[in-house]
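Q: Residue-level listing of the chains:
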Amino acid sequence: MVWSKVSRVTSPDPSEATPRVVDLATVVEPDEPEPQAPDDANLSPQAREEAAKRAEQDRRDRRLVRKLKEGDERAFQELVQTYQNRIFGLMLRMIGNRQEAEDLAQEVFIIVYRAIGSYRGEGRFYTWLYRIASNTCKNRIKYLKGRNFHRSVEIEDSPQAQLPASEGGAVVTFQSQVPGPEATVEGARMEQVIQRELAALDPEHRLLIVLRDIQGLSYQDIIRITGLQEGTLKSRLHRARLALKERLQPYLR
Amino acid sequence: MAEPSTTDADALMSAYLDKQLAPDEAAKVEKLLAESPEAREELDGLASMLKLVKGLPEVEAPPDFYEKVAKKLRRRRGRGEVLWMLALPFQVLSVVMILVVAVTYMLIHLDHDPSVKLERDPNAVKKADVSPVVP
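First to last, the protein sequences are chains A and B. Going left to right, the first sequence walks through residues 1 to 253 as this note's numbering numbers them. Going left to right, the second sequence walks through residues 254 to 388 as this note's numbering numbers them.
Don't take each hint at face value.
Simulated pairs of lysine-lysine, DSS-like, Cα-Cα distance not exceeding 30 Å [stated by the list, open to error]:
#1 A/LYS53 / B/LYS304
#2 B/LYS321 / B/LYS272
#3 B/LYS324 / A/LYS145
#4 A/LYS142 / B/LYS321
#5 B/LYS304 / A/LYS69
#6 B/LYS284 / B/LYS304
#7 B/LYS307 / A/LYS145
#8 A/LYS138 / B/LYS321
#9 A/LYS69 / B/LYS324
#10 A/LYS53 / B/LYS307
#11 A/LYS138 / B/LYS272
#12 B/LYS272 / A/LYS53
#13 A/LYS138 / A/LYS69
#14 A/LYS138 / B/LYS324
#15 B/LYS321 / A/LYS67
#16 A/LYS53 / A/LYS69
#17 B/LYS272 / B/LYS284
#18 A/LYS142 / B/LYS307
#19 A/LYS142 / B/LYS324
#20 A/LYS67 / B/LYS304
Here are some of the chain A residues that sit facing chain B, going by a computed Cβ distance under 8 Å [said to hold, decoys possible]:
#21 GLY89
#22 TYR143
#23 LYS145
#24 LYS234
If you are wondering where the hints come from, they were derived from the structure by calculation, not from laboratory data. Using N, Cα and C, we set each Cβ at its ideal position, and we do this for glycine too.
Model the full structure from these sequences, guided by the hints.
A: Dropping the structure here:
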């Protein structure tokens with residue numbers, strides 16, 4: 001059964017950290033027609049391959065969405081399993097707390113299930129899903145900010161972990177580390193440092209960094225997800241990167 | 254935190270790193286890089302930072318993620334149905350109450366309406382009309 005007419009999602013789950021009421025109207029926006037894909041003749045072989053993969057994924061998504069609208073629970077399961085890592089990853093990098101990220105990612109799929117009736121299939125399912133996820137996440141950040149919530153990834157408290165590269169702190173990049181337990185520990189420590197500095201950014205900046213630099217989305221997809229103009233996206237992304245660079249400066253070689 | 258200020262050409266720098274510029278815009282950035290060691294330094298700094306951030310490991314949702322979503326959905330669905338069943342008698346009761354109040358109001362109102370009185374007892378008005386007026 002699809003509850004597309006229900007406008008509010010309440011969470012009675014006692015295991016959830018805080019009671020949560022999500023107004024579907026604040027997170028679900030209508031999908032819009034996608035612009036025409038560029039002519040295949042102008043694309044490089046690699047870009048053509050990517051476009052073909054993307055088209056295949058879109059076809060698969062459309063089929064699953066149609067089945068879900070008909071009430072097929074297995075189609076929902078397939079959609080969740082296709083996108084769960086990306087949505088969970090987005091939430092984890094945005095919120096910085098595993099449990100909170102998991103709850104939020106689950107919430108996103110519940111909203112999708114209940115709002116699938118309002119998805120007209122004119123735009124890509126993928127960008128519609130990401131729009132719901134980013135709206136849900138921004139709402140949650142606002143809510144947590146109001147409650148003075150600081151539960152970002154636990155940063156190791158040892159003074160060594162906090163030291164910048166010049167003073168013997170974490171200097172390992174993920175690509176350059178020498179395999180071994182020490183490198184693994186330092187890599188994990190560096191991940192925590194990045195996560196901490198990311199969490200200190202303005203949520204709008206954080207979202208752009210996560211979408212573009214961590215999840216690798218294209219500018220066009222980010223424009224469709226955030227609704228920004230191309231020029232605004234470019235300048236805002238640049239400001240976001242400058243802010244993060246400034247914060248990570250002590251750890252850059 | 255205050256955002257670092259950016260100029261137009263600066264703002265193109267990130268898009269340049271992403272290879273998202275039109276040829277004329279890319280030429281503008283390259284000119285800036287050739288002329289300004291500070292801009293070159295900034296670009297290198299951005300590239301190092303991006304290398305670090307892009308190297309973050311991919312995260313995976315817990316293996317039982319779907320089961321948890323399905324469980325929450327079932328729980329909410331069950332709760333919704335229970336709430337609907339619980340709400341139904343109250344909805345019926347509300348309608349009955351509204352009807353009772355409306356009927357009571359109408360009855361009281363009708364009792365004071367002279368036209369209704371006339372309909373009930375046409376002689377009452379006649380009697381009043383013929384009675385002598387006492388000075």
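Q: Does the nearest C-beta of chain B fall within a distance shorter than 8 Å of the C-beta of A/GLY89?
A: With a minimum Cβ separation of about 5 Å from chain B (threshold 8 Å), the hint on A/GLY89 holds.
Q: Hold the hint about A/LYS145 up to the distance rule: shortest CB distance to chain B must be less than 8 Å.
A: Constraint on A/LYS145 not satisfied, violated at 14 Å.
Q: Between A/LYS142 and B/LYS307, is the straight-line Cα distance small enough, at 30 Å or below?
A: Between A/LYS142 and B/LYS307 the Cα gap is close to 26 Å, so the pair holds against 30 Å.
Q: Straight-line Cα separation of B/LYS272 and A/LYS53 no greater than 30 Å?
A: Cα-Cα ~21 Å, so holds.
Q: Starting from B/LYS321, check that the Cα of B/LYS272 is at most 30 Å away, please.
A: Since the Cα atoms of B/LYS321 and B/LYS272 sit roughly 41 Å apart, the hinted pair is violated (cutoff 30 Å).
Q: Would the pair A/LYS53 and B/LYS304 pass a check requiring their Cα atoms to be no farther apart than 30 Å?
A: Roughly 26 Å separates the two Cα atoms, so the pair holds.
Q: If you draw a straight line from the CA of B/LYS324 to the CA of A/LYS145, is it 30 Å or shorter?
A: Holds. B/LYS324 to A/LYS145 sits at ~29 Å (cutoff 30 Å).
Q: Is A/LYS142 within 30 Å of B/LYS324, Cα to Cα?
A: holds, 27 Å
Q: Decide if the proposed pair is consistent with the structure: A/LYS138 and A/LYS69, CA atoms, cutoff 30 Å inclusive.
A: holds, 27 Å
Q: Do the alpha carbons of A/LYS69 and B/LYS324 lie within 30 Å of each other, as the hint requires?
A: holds, 20 Å
Q: Keeping to a limit of 30 Å between CA atoms, is the pair of B/LYS284 and B/LYS304 held or broken?
A: holds, 24 Å
Q: Is A/LYS138 close enough to B/LYS321, meaning Cα to Cα at most 30 Å?
A: holds, 23 Å
Of the numbered hints stated above, those contradicted by the structure are hints 2, 5, 20, 22 and 23, listed in ascending order.
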